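My request is simple: use the sequences and hints to build the entire structure.
Chains as they are written, first to last, in the numbering used here: chain A, 108 to 285; chain B, 289 to 486.
Keep in mind the hints are simulated off the structure, nothing from the lab. The reader is advised that the hints may include incorrect statements.
Derived pair list, reagent style SDA-like, types lysine to any residue, alpha-carbon separation capped at 20 Å [said to hold, decoys possible]: (1) A:LYS173 / B:ILE475; (2) A:LYS173 / B:LYS380; (3) A:LYS173 / B:GLU355; (4) B:LYS380 / B:ALA413; (5) A:LYS173 / B:GLU481; (6) A:LYS173 / B:PRO354; (7) A:LYS235 / A:MET247; (8) B:LYS380 / A:ARG126; (9) A:LYS173 / B:GLN485; (10) A:LYS173 / B:GLU480; (11) A:LYS235 / B:PRO486; (12) A:LYS173 / B:ALA483; (13) A:LYS121 / B:ARG482; (14) B:LYS380 / A:ARG142; (15) A:LYS173 / B:ARG472; (16) B:LYS380 / A:THR151; (17) A:LYS173 / B:ARG482; (18) B:LYS380 / A:ILE140; (19) A:LYS173 / B:ASN476; (20) B:LYS380 / A:ASN147; (21) A:LYS173 / B:ARG356; (22) A:LYS173 / B:THR471; (23) B:LYS380 / A:MET153; (24) A:LYS173 / B:PRO486; (25) B:LYS380 / A:ALA155; (26) B:LYS380 / A:GLY145; (27) A:LYS173 / B:ARG474; (28) B:LYS380 / A:GLU141; (29) A:LYS270 / A:PHE237; (30) B:LYS380 / A:THR156; (31) A:LYS235 / B:GLY467.
Only a predicted model underlies this, so the values are computations on that prediction, with no experimental measurement involved.
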Amino acid sequence: MDEHWSVAAHRHLKAAGVRQIGYVPDGGLRLLIERCLGDNEIETVMCATEEEAIGLSAGAWLGGQKSAVLMQSSGVGNTINAIASLVSSANFPLFAIVTMRGQWGEGNPWQVPMGQAVVPTLEAVGVKTFLAETAEAVDMMIESGLRMAYSTDTPVAVLVGQKVIGSKIWTAGKAVNQ
Amino acid sequence: MSAITLHRRDVLASAMEERGDTLFVSGLGSTTWDLASFGDRPENFYLWGAMGNATMIGLGLALAQPERRVVVVTGDGEMLMGMTSFSTIGAKRPSNLAVCVIDNETYTETGRQPTATGLGTDLSAVAAACGFARTAMIRTEAEAKDLGQLLFREPGPVCAVVKVVDEDLPMSVPPRDGGYVKTRFRINLLGEERAIQP
Numbered sequence: 108m109d110e111h112w113s114v115a116a117h118r119h120l121k122a123a124g125v126r127q128i129g130y131v132p133d134g135g136l137r138l139l140i141e142r143c144l145g146d147n148e149i150e151t152v153m154c155a156t157e158e159e160a161i162g163l164s165a166g167a168w169l170g171g172q173k174s175a176v177l178m179q180s181s182g183v184g185n186t187i188n189a190i191a192s193l194v195s196s197a198n199f200p201l202f203a204i205v206t207m208r209g210q211w212g213e214g215n216p217w218q219v220p221m222g223q224a225v226v227p228t229l230e231a232v233g234v235k236t237f238l239a240e241t242a243e244a245v246d247m248m249i250e251s252g253l254r255m256a257y258s259t260d261t262p263v264a265v266l267v268g269q270k271v272i273g274s275k276i277w278t279a280g281k282a283v284n285q
Numbered sequence: 289m290s291a292i293t294l295h296r297r298d299v300l301a302s303a304m305e306e307r308g309d310t311l312f313v314s315g316l317g318s319t320t321w322d323l324a325s326f327g328d329r330p331e332n333f334y335l336w337g338a339m340g341n342a343t344m345i346g347l348g349l350a351l352a353q354p355e356r357r358v359v360v361v362t363g364d365g366e367m368l369m370g371m372t373s374f375s376t377i378g379a380k381r382p383s384n385l386a387v388c389v390i391d392n393e394t395y396t397e398t399g400r401q402p403t404a405t406g407l408g409t410d411l412s413a414v415a416a417a418c419g420f421a422r423t424a425m426i427r428t429e430a431e432a433k434d435l436g437q438l439l440f441r442e443p444g445p446v447c448a449v450v451k452v453v454d455e456d457l458p459m460s461v462p463p464r465d466g467g468y469v470k471t472r473f474r475i476n477l478l479g480e481e482r483a484i485q486p
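Okay, here's the thing in structure tokens:
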């Protein structure tokens, strides 16, 4: 596939009628965030912590709008109580795109424990997770994940693996994206 | 600093006379009981959990419904936990959103432990520093007369902190089924057909 996965992701967000995006930046999300920022039909909300984006999503839904949460895997840990005691408790839909760290090819040991905890913690609070390891899978899972989230009032997270977004190689004096 | 003399339900009751069709979000605990004490209505979304997230639910709602006034009523403990949202809201500047912090300087529900608002943190000053359009610290009866204007008419984002005495009040319990309250809120706001379609 020639186009970056963010092109299809943005297309699916639009097709599903997503009007608000709550995000905390991540290198893996840079192009998707730029597309959303450049789209005047989507309200983007830069959040100080990922937990805020869960509340934003619930508020948008109360007001009749669909939304998506964009975050790095480290941020998942910040969202757990909000998902459990708001989204799952009151049957709100939720759609999140999580770019992974601490997974395939990780070079930073501080990223590994949370990266490995993403699936069990999200599943423990009722979120269905789908791991995409190719750009084609990202495309398909975002389209179908949005449909599932908003047709069944289920929290859904699509995890974009490091095989898709690459991993940083850490050597003295520099970090490069592989 | 003057002693705290205001009573939360008295101050809110006067302001509530001006609420019209305002959409409300209440923070868990005392402010949910406060909001319910003025009568259960479908424009209220009461939190029974999600501590620290009331203001962000208010922001998502305010952005989705720019023609409607959205007021978040929450406590000092809840607001301290979600204090980062002040910077997020200050950056977004929704003109239809107001936050009312009922500040008794106490974690009331958990055994009346002191909060940081009695030990130095001025939440209205934090909101002002984050770029809120209008902020107020309300300590007196005279200042409390402005609360309705602040919450329901002043261009936002507004943050009004009301210093209130720590007191035992009758618990007014709204529906605790979050799914029911959410769907009732959406049907009232959007109409049944839109509210139940994906």
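Hint-by-hint comparison with the structure:
1. Note on A:LYS173 and B:ILE475: the hinted pairing holds, with a Cα-Cα distance of about 16 Å set against a maximum of 20 Å.
2. A threshold of 20 Å between alpha carbons decides the hint, and for A:LYS173 with B:LYS380 the separation of about 18 Å falls inside it, so the pair holds.
3. Using a Cα cut-off of 20 Å, the hinted pair A:LYS173 and B:GLU355 holds, with the two alpha carbons roughly 18 Å apart.
4. This hinted pair checks out: B:LYS380 and B:ALA413 have alpha carbons roughly 18 Å apart, not beyond 20 Å.
5. A C-alpha spacing of about 16 Å is found between A:LYS173 and B:GLU481, which places the hinted pair at or below 20 Å, so the restraint holds.
6. Straight-line distance between C-alpha atoms of A:LYS173 and B:PRO354 comes to about 15 Å, which keeps the hinted pair within the 20 Å bound.
7. Only pairs whose Cα atoms come within 20 Å are accepted, and A:LYS235 paired with A:MET247 is accepted, the gap being roughly 15 Å.
8. The hinted pair formed by B:LYS380 and A:ARG126 meets the criterion: a straight-line CA distance of about 15 Å does not exceed 20 Å.
9. Under the criterion of a C-alpha separation no larger than 20 Å, the hint pairing A:LYS173 with B:GLN485 is consistent with the structure, at around 12 Å.
10. Among the hinted pairs, A:LYS173 with B:GLU480 is consistent with the structure: their alpha-carbon atoms are about 17 Å apart, no more than 20 Å.
11. Note on A:LYS235 and B:PRO486: the hinted pairing holds, with a Cα-Cα distance of about 18 Å set against a maximum of 20 Å.
12. A threshold of 20 Å between alpha carbons decides the hint, and for A:LYS173 with B:ALA483 the separation of about 12 Å falls inside it, so the pair holds.
13. Taking the CA atoms of A:LYS121 and B:ARG482, the gap is near 19 Å; set against the 20 Å cutoff, the hint holds.
14. As the CA atoms of B:LYS380 and A:ARG142 are separated by approximately 18 Å, the hinted pair is consistent with the 20 Å bound.
15. About 18 Å separates the Cα atoms of A:LYS173 and B:ARG472, which keeps this hinted pair within 20 Å; it holds.
16. For the given pair, B:LYS380 sits about 9 Å from A:THR151 by alpha-carbon distance, which is consistent with the 20 Å threshold.
17. In summary, the hint linking A:LYS173 to B:ARG482 is supported, as the alpha carbons are separated by about 12 Å, within the 20 Å threshold.
18. Between B:LYS380 and A:ILE140 the CA atoms are separated by roughly 16 Å; this keeps the pair inside 20 Å, and the hint holds.
19. Proximity of A:LYS173 to B:ASN476 is assessed by CA-CA distance (about 18 Å); at most 20 Å being required, the pair is judged to hold.
20. Of the pairs offered as hints, the one joining B:LYS380 and A:ASN147 holds, with about 15 Å between alpha carbons and a cut-off of 20 Å not exceeded.
21. Taking the CA atoms of A:LYS173 and B:ARG356, the gap is near 18 Å; set against the 20 Å cutoff, the hint holds.
22. For a cut-off of 20 Å, the pair hint linking A:LYS173 to B:THR471 stands: about 15 Å separates their Cα positions.
23. Taking the CA atoms of B:LYS380 and A:MET153, the gap is about 9 Å. The hint holds against a cut of 20 Å.
24. Distance restraint check for A:LYS173 and B:PRO486: the Cα-Cα separation of roughly 9 Å lies within the 20 Å cut-off, and the hinted pair is therefore satisfied.
25. Of the supplied pair hints, the one linking B:LYS380 and A:ALA155 holds, its CA atoms being roughly 12 Å apart against a limit of 20 Å.
26. About 16 Å separates the Cα atoms of B:LYS380 and A:GLY145, which keeps this hinted pair within 20 Å; it holds.
27. Between A:LYS173 and B:ARG474 the CA atoms are separated by roughly 13 Å; this keeps the pair inside 20 Å, and the hint holds.
28. Straight-line distance between C-alpha atoms of B:LYS380 and A:GLU141 comes to about 17 Å, which keeps the hinted pair within the 20 Å bound.
29. With a CA separation close to 14 Å, the supplied pair A:LYS270 and A:PHE237 stays within the 20 Å bound.
30. Straight-line distance between C-alpha atoms of B:LYS380 and A:THR156 comes to about 15 Å, which keeps the hinted pair within the 20 Å bound.
31. About 19 Å separates the Cα atoms of A:LYS235 and B:GLY467, which keeps this hinted pair within 20 Å; it holds.
Hint compliance for this structure: every hint is met.
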